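So you can see what is in the structure, the chains are spelled out below.
There are 4 protein chains.
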Amino acid sequence: MTEINGYTQSDNEKELHILNLPSLEAEAKKIIPTGGFGYISGGSEDEWTLNENTKAFNNVQIVPRVLSDIDDPQTDTSIFGIDLTMPIITSPSAAQGLAHSQAEKDTARGIAKAGTIMSQSTYASTSIADTAEAGNGAPQFFQLYMSKDWTFNESLLNEAKRVGAKAILLTADATVDGYRESDIINNFQFPLPMANLEKFSSGAGKGKGIGEIYAAAAQKISPDDVQRIKDITGLPVVVKGVQSPEDALIAIGAGADGVYVSNHGGRQLNGGPASFDVLADVAKAVNHKVPVIFDSGIRRGSHVFKALASGADIVALARPIIYGLALGGADGVYSVIEHLNNEFKTVMQLAGTKTIDDVKHAKLIKK
Amino acid sequence: MTEINGYTQSDNEKELHILNLPSLEAEAKKIIPTGGFGYISGGSEDEWTLNENTKAFNNVQIVPRVLSDIDDPQTDTSIFGIDLTMPIITSPSAAQGLAHSQAEKDTARGIAKAGTIMSQSTYASTSIADTAEAGNGAPQFFQLYMSKDWTFNESLLNEAKRVGAKAILLTADATVDGYRESDIINNFQFPLPMANLEKFSSGAGKGKGIGEIYAAAAQKISPDDVQRIKDITGLPVVVKGVQSPEDALIAIGAGADGVYVSNHGGRQLNGGPASFDVLADVAKAVNHKVPVIFDSGIRRGSHVFKALASGADIVALARPIIYGLALGGADGVYSVIEHLNNEFKTVMQLAGTKTIDDVKHAKLIKK
Amino acid sequence: MTEINGYTQSDNEKELHILNLPSLEAEAKKIIPTGGFGYISGGSEDEWTLNENTKAFNNVQIVPRVLSDIDDPQTDTSIFGIDLTMPIITSPSAAQGLAHSQAEKDTARGIAKAGTIMSQSTYASTSIADTAEAGNGAPQFFQLYMSKDWTFNESLLNEAKRVGAKAILLTADATVDGYRESDIINNFQFPLPMANLEKFSSGAGKGKGIGEIYAAAAQKISPDDVQRIKDITGLPVVVKGVQSPEDALIAIGAGADGVYVSNHGGRQLNGGPASFDVLADVAKAVNHKVPVIFDSGIRRGSHVFKALASGADIVALARPIIYGLALGGADGVYSVIEHLNNEFKTVMQLAGTKTIDDVKHAKLIKK
Amino acid sequence: MTEINGYTQSDNEKELHILNLPSLEAEAKKIIPTGGFGYISGGSEDEWTLNENTKAFNNVQIVPRVLSDIDDPQTDTSIFGIDLTMPIITSPSAAQGLAHSQAEKDTARGIAKAGTIMSQSTYASTSIADTAEAGNGAPQFFQLYMSKDWTFNESLLNEAKRVGAKAILLTADATVDGYRESDIINNFQFPLPMANLEKFSSGAGKGKGIGEIYAAAAQKISPDDVQRIKDITGLPVVVKGVQSPEDALIAIGAGADGVYVSNHGGRQLNGGPASFDVLADVAKAVNHKVPVIFDSGIRRGSHVFKALASGADIVALARPIIYGLALGGADGVYSVIEHLNNEFKTVMQLAGTKTIDDVKHAKLIKK
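Residue numbers (UniProt numbering), protein chains in the order written: chain A, 1 to 367; chain B, 1 to 367; chain C, 1 to 367; chain D, 1 to 367.
Here chain A stands alone, though its shape is the one from the complex:
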């Protein structure tokens, strides 16, 4: 364990024997300090939307096809020309130093080993360059919490471009912090600085609540910002936090290269729909013009399947990855994502689907 500013970070580095992803939360709770665990695990208000996110997958069922004459399902796919071993990537997730002393660096290592994409957060504990270096050439996305200060935005975007980020995820659903009661209960203040912010102000992020951090962020995000970021970076820009067909079309009209369906893991607007419940309608509106990334609630291989069969091209997840990071460092991260992909492969075989394209064309039924 590493003690820093009175906060205890895990130093674990080991592969994990994983029963299932939901069970990781209780294990991680034992080793992540209360405030950090509350920040990571919590949602907004009474967490109705958070809970609904995972329950919603039970609203549709996979019809297993038999006599399909297939074996050895293949999970490889691609996005923006990047070849991936699986259609599963990480959602950007802030302040991973709360879970492990190596923070985002270990996440980058584990995800690189798995052959898929890590998404860096603006509010990461380690810097864009350090995390990229740990990834050792593996593909990464960079997520932008747009600041009111475009000098800051440009600096981050340029650094991301410089170290090879493959796309920018523009978070649009967090123009103010969701009302997260666990942070209030724990009187949670970030014990560690946020590396990308620190460049502009020493110790930035440290000793602040998420509300104060967001206060510096831009509340006004407009379609024009999409093009502005494209102009700065020359990279594909994905609008993250889309939950309606209308916004998907606005984003695409504004030049977005991808639509990221998400409700921020139930951490922002509570009382909104489960992310999965809006996926099919959004994907239908997108109509394959750009890729659809999906997160919020994925915990099982069957969830991955259902999301792809509902129109997602790629799914993402964060909390289980962070728990894996706390429990096992880079190898823990690798264990988590491999376990999920293995569950997914079993589902593919039992559903009679050989390829990701087969999965996307599989029929779901409503209960």
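Treat the hints with caution; some may be incorrect.
Since the list gives no way to pick out one identical chain from another, each pair is judged satisfied if it fits inside one copy or across any two copies.
As a list, the in silico DSSO-like pairs of lysine-lysine whose alpha-carbon atoms are at most 30 Å apart [unchecked claim]: (1) Lys-230 - Lys-220; (2) Lys-113 - Lys-29; (3) Lys-148 - Lys-113; (4) Lys-220 - Lys-363.
Calculated from the structure, these hints are not laboratory results. Predicted model, so just to flag it, every value in this text is computed and none were measured.
Based on these hints, arrange chains B, C and D on the given structure of chain A.
Quick look at chains B, C and D alone, frame taken from chain A:
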């Protein structure tokens, strides 16, 4: 604490650190005597409708709009030409001396500070004039439990008019008392007189159950009573307790200046619908001819949003206000309503709505 | 307490302070021996249908009408030309000696006092004549479990007619006993003889399980039996246990003077619908050609209202009556039915309905 | 008790007093070792589909018909020309030595006594010939887990034919093992050899997990395999694990003589529909061209009724049979199936159905 007729009243005067409104009930239960707490918190029969009132908000979801280019949402609105800082007012609520020694006077002070409307109850612990004076010029409504005795009704209405009430709320859903089991279990008798009744008979209200109090009330309320009250007061008259499009149209046809959708907080007819579940249909029938006020079940900022997006112009609440009164007096009342409005502002921002008018035009979806 | 054949019967004779009917079950359980209580309270198999019976009332809601200009609701009604103080009667219920030493005689006394109808069961603990005598001229129905032995049937029917029964309820949903697990668990044998059976064989009913009792009953009941019973008695015949529009029309075509919608209180076929869930469709098919009686699940005044508004002319109930009998004898029975009617009157007033006819025309909405 | 390889097998041989089938699980858990019990009782992943299997029967209700003029319901039926005393057979179920020292031999004895069909599993503890011999001429089906090795397949199929199997059940929904967490938790390895595998390799099956066993099975099963098995055996071939109308038609088109609707008792694909929820659509597609067998979730006589009324010709079950085997050997198996058929007969009588054909034409309604 103040002891009066063997009943212990809170004397608290302090701002409250509020996590959320639902959590106030357990706190208030610790300081309000059992009989009073049962009267305040309870509903009728097995409380199915009471519980459904709040659960019903989960039947629809807010679709967060992103890329809306808005910040700093504005909650100011108006009703009957009265400017308000927020679309949230108090429901009339009887006998607030059960919660605090300053009773309605502190509620008036806290609500005045918040810049919105307090609704006085016929069965208040303090008199119309005293409560108005405590409000110090802030707008107030007066709620009438219509008596069989029109001398009494006229006296109250005239006093309300004299002290500046802005509208009369005619309660139409309580022509007999709902069957409230907690009052039976606690053998609850009002320990304190009701000031407006006492003018007519010394000690009135004290030592009686709610059934006896209602017995003096008129059971027959007809559309003609609306105009009669308008004639007496010259004030806008709002019919409170409407739950069907048919009654909304009858009320408007009879001259009502507002329709108040409510099931009396689940305290009257049990086995009826959640108030929220009938709001949209009633509002559609009203079709903006008069303002729609809504109560019964509001506990969250997202509930305020959903009610407005379903056709309400103003929402009201009572129990959380009374709990705030018990826990903190005038400042407690202020804390409660400010907390709720802050939650609402967060929801507005995350939903991409800048003004109350935006909220009213927001799209909800059904689960 | 009276001890008979090792079975302890209540001798209580007192009015009851009733909070609500559901709460009576736990009280009655304290004084009725385990085997008897299991027989009375239990349903068949896993009691899904039993539980659904009462829960189903929450599937529709009463829309309270305000500004109705009514007071003092009137519950008087009639069936087969018999004037009743309320639209609530007793369902036939066997072996009431399990609950009280006065058995059906006290039920007859309590119901007579309330001004409504008691239904005698073939398998009663006291004889047709004795129960009729206790009723002292109050109207009674006689329920027939049709035997394979028509000498027996005719004897019972003739005795019922002789003592003034107003109608015959032909139970058609119990051609074999439901699989009631509580009777198996308790190894329940009737400790007391059944008076109507004993005339044919000394001690009949005593020491037998319900399965053996039913074994003597006719399994084959055909439409022709309706006319046969009419010919014997010259009385109105009501077919009890109807759950489908088809059977309602068959019964009416066969000469039935009434249709009794019931699933035997969840004691016969488990896995069938809640009785309330089929009421509206059956009543629509009956289309006022004959009266519709309804039972199975009624515990609240709002249930009475909902059943009448769904097409029933009269509702019936048994278990709460038996619990009232155990707890208070004739006065207990009276207390139960009066309490239910008082709850019903409150619902009528709050719903804006003055008469039973108003209730029948009230609008219900679906959740 | 018999101790073998450190595993304790029941030696019970007795008839059981059965309250209901669901209650057997807790009884069996007391005598079957943890690993074996987990293997038998468990489902895949979080067991959503497993639990849904039985709950789904509550989605439809049986409408009891009265005045049907029937008694003494008859449960005899037939399939493939085999006369059966009831429409209930056993599902194939592996490794019954986990439950009893006599393993499949006792199951065969009990089922033979009941007059219906036992289905042997490829992965049985006792050999095809031994189990057939124990059945003493009673009809049996043989279930094939198709191996990649057709020498093995042919050997098994030929032995099955030689000893008189009446049909081959080709399991198509288990081309890879479902993710069964109880086996992981218990680190379960088969303690006993599987007789049919042992012929090819000494001790085969023993000391392996189900994953390893399946690894030898064919993952690619195609429609052509149906005809290949028919050619080898000359027996009717039933495709087991069908859950979609599409696969039912493919199977029939490939020559299948029966369609077996099943989700493998919730042990394979989790997140798929309850087997009962797809039955009606599959049966409609089959349209009586071939018989439909149904399993997964049957625990009650009402379930048997609902399955037949939804289009099944025969229902099957496994877990309760295995629990009966553990608790009472051959007589226990007999007790279980007789109890279920007795519950079914009660349901038939109460529903007004005299024959299996009547049941198939009974109307169900949706809640």
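Hint-by-hint comparison with the structure:
1. For the homomeric pair Lys-230 and Lys-220, the shortest alpha-carbon distance inside one copy (18 Å) is at most 30 Å, but the shortest distance between copies (47 Å) is not.
2. For the identical chains of this complex, Lys-113 and Lys-29 are intra-copy neighbours only, at 26 Å inside a copy versus 43 Å across copies, given an alpha-carbon limit of 30 Å.
3. In this assembly of identical chains, the alpha carbons of Lys-148 and Lys-113 never lie at most 30 Å apart, being 36 Å within a copy and 33 Å across copies at closest.
4. Within a single copy, Lys-220 and Lys-363 get their C-alpha atoms only as close as 40 Å, which misses the 30 Å cut-off; across copies the closest is 20 Å, which meets it.
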